[in-house]
Amino acid sequence: MPGQEGDTGTDFFVPSYINGELIAKSITDGLRVKNVSLVDYNITRAVPVGENYLSDVYRVAVRFTGDGITSDRAIAVAPDGKHTVSLIVKSLPGTGRRGAIIDDLHAYEKEVIMFRDVVPKLTEMVKKTFFAGRLYYATNQPDRAIVFEDLKTYGYANSSRHNGFDFDQCALVMEKLGRFHAATMRFAEQQPELLRKQFYFGILNPDTARSSAGIIGSIFEKGLEKLISVAKTQWEGFDPTIVAKLERLVPVYVARLRACLQQDVESDGGFRVLNHGDLWSNNLLFRNRTTEQTTTVEAAVFVDLQVCFYGSPGIDLNYVLTNCPNYETRSRLDELIDVYYRSFSATLRQLEYHAVPTLEQLRREIKRMEFYSLVAIVSILPIALMDKTDEVVANLENLSGGGAAAEKARDIQYNGVNYQRIVRPMLIEFNQRGILDI
Numbered sequence: 001m002p003g004q005e006g007d008t009g010t011d012f013f014v015p016s017y018i019n020g021e022l023i024a025k026s027i028t029d030g031l032r033v034k035n036v037s038l039v040d041y042n043i044t045r046a047v048p049v050g051e052n053y054l055s056d057v058y059r060v061a062v063r064f065t066g067d068g069i070t071s072d073r074a075i076a077v078a079p080d081g082k083h084t085v086s087l088i089v090k091s092l093p094g095t096g097r098r099g100a101i102i103d104d105l106h107a108y109e110k111e112v113i114m115f116r117d118v119v120p121k122l123t124e125m126v127k128k129t130f131f132a133g134r135l136y137y138a139t140n141q142p143d144r145a146i147v148f149e150d151l152k153t154y155g156y157a158n159s160s161r162h163n164g165f166d167f168d169q170c171a172l173v174m175e176k177l178g179r180f181h182a183a184t185m186r187f188a189e190q191q192p193e194l195l196r197k198q199f200y201f202g203i204l205n206p207d208t209a210r211s212s213a214g215i216i217g218s219i220f221e222k223g224l225e226k227l228i229s230v231a232k233t234q235w236e237g238f239d240p241t242i243v244a245k246l247e248r249l250v251p252v253y254v255a256r257l258r259a260c261l262q263q264d265v266e267s268d269g270g271f272r273v274l275n276h277g278d279l280w281s282n283n284l285l286f287r288n289r290t291t292e293q294t295t296t297v298e299a300a301v302f303v304d305l306q307v308c309f310y311g312s313p314g315i316d317l318n319y320v321l322t323n324c325p326n327y328e329t330r331s332r333l334d335e336l337i338d339v340y341y342r343s344f345s346a347t348l349r350q351l352e353y354h355a356v357p358t359l360e361q362l363r364r365e366i367k368r369m370e371f372y373s374l375v376a377i378v379s380i381l382p383i384a385l386m387d388k389t390d391e392v393v394a395n396l397e398n399l400s401g402g403g404a405a406a407e408k409a410r411d412i413q414y415n416g417v418n419y420q421r422i423v424r425p426m427l428i429e430f431n432q433r434g435i436l437d438i
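Each residue of the sequence shown is one higher than the one before, counting from 1 in UniProt numbering.
In case anyone wonders, no lab produced these hints; they're calculated from the structure.
Built from N, CA and C at the ideal position, the CB exists for glycine as well.
Treat the hints with caution; some may be incorrect.
As the list claims (entries may be wrong) - Ranges of calculated distance between the beta carbons of each label pair, as one might list FRET restraints:
1) D268 x N42: 29 to 39 Å
2) R63 x A255: 47 to 57 Å
3) T294 x R342: 38 to 48 Å
Claimed, not checked - No farther apart than 27 Å at their CA atoms in a straight line, the calculated lysine-lysine pairs in the DSS-like style are these:
4) K226 x K34
5) K232 x K245
6) K197 x K226
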């Protein structure tokens with residue numbers, strides 16, 4: 001089978017700790033099966049090379065026997081007692097640049113807390129809304145790994161990050177996000193210390209000047225420099241005053257981002273939710289309904305809850321509305337904000353929340369965090385829209401390096417036709433709104 005334990009052969013490498021012991025423990029703990037005995041299992045990549053940045057993700061198809069099996073939909077029960085289940089194993093390395101960033105972002109700890117302690121409670125609050133899959137097992141020995149249910153079993157899959165999401169897909173995401181944010185406000189009343197202690201930052205840790213700030217900041221700054229270079233040399237007729245403003249922004253870019261994220265929202269009359277924190281196309285799965293005549297999208301679900309952040313809802317909203325819509329849908333962002341607000345406010349009323357924010361207050365939060373939209377188009381959207389190529393893998397190690405691979409990846413990203421078609425008018429708009437001003 002491909003990807004044997006510890007194999008470094010032609011297909012891919014699988015850490016030795018992703019083994020029968022881990023798999024059996026996951027089925028025992030996560031699915032409450034007793035006396036688990038593995039018949040066989042096969043490990044494959046769950047995510048193509050270059051599609052995941054902090055972690056390595058594997059799909060494990062398992063045949064097993066055991067006692068006490070319930071009617072759990074994740075298990076395909078077999079008459080001969082050799083049942084099947086599919087697992088997703090997320091490996092978070094402890095070495096290299098990724099290891100340093102995972103440490104500084106508390107990515108492993110946050111994701112375990114989210115799936116173990118937070119998401120199940122949100123699901124119960126909101127009429128059993130399916131926000132994210134179940135966590136079966138987590139361990140940090142000998143290295144960090146989290147085992148989840150495989151949402152592909154239920155028909156969920158990624159949509160094309162290169163094309164962006166159409167309006168119907170975006171509307172489903174906004175409706176689900178509205179429910180999620182509303183439920184977290186009710187949760188914050190019940191467990192305020194958990195959110196304040198564990199989720200007080202997102203992509204930049206204010207407590208450390210170590211590797212995460214340096215590596216992530218480097219990726220962001222080099223991306224801005226590449227955008228400036230492309231705009232100056234290849235965007236015929238583009239307003240030079242916008243380019244000049246971007247050049248002045250370079251030395252303060254990361255500091256502006258940090259100041260944006262560290263605003264004291266509530267002291268200024270705002271409100272907080274628990275943000276997903278990284279809500280772009282690769283972290284959303286969709287399920288479609290297909291008939292003989294049509295295929296329509298019917299459900300959306302979140303993955304990768306590793307940089308969640310208790311702060312203004314403008315964080316998620318600016319991020320998702322910048323990164324996810326396709327070109328045609330970008331003219332309908334106000335409609336999507338309305339979809340979000342209807343879901344958000346209705347859920348808060350359902351939960352009998354004491355003071356439902358108005359639409360005007362919500363728009364103020366989006367305005368408060370609008371610099372995050374600039375960060376998204378400069379630093380995240382190029383990755384989302386990057387064309388697949390055999391020339392270079394756009395993983396975190398390459399993007400954060402200073403060598404030829406990093407430069408080649410940025411060349412492909414920022415010269416993309418689709419990227420430029422979207423970003424040029426957005427920069428003009430941002431300039432008109434004063435976002436580029438220092």
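Okay, the hints, checked on the actual structure:
no.	hint	verdict
1	D268 x N42: 29 to 39 Å	violated (54 Å)
2	R63 x A255: 47 to 57 Å	holds (54 Å)
3	T294 x R342: 38 to 48 Å	violated (25 Å)
4	K226 x K34	violated (55 Å)
5	K232 x K245	holds (12 Å)
6	K197 x K226	violated (37 Å)
Hint check: violations occur at hints 1, 3, 4, 6; the rest are consistent with the structure.
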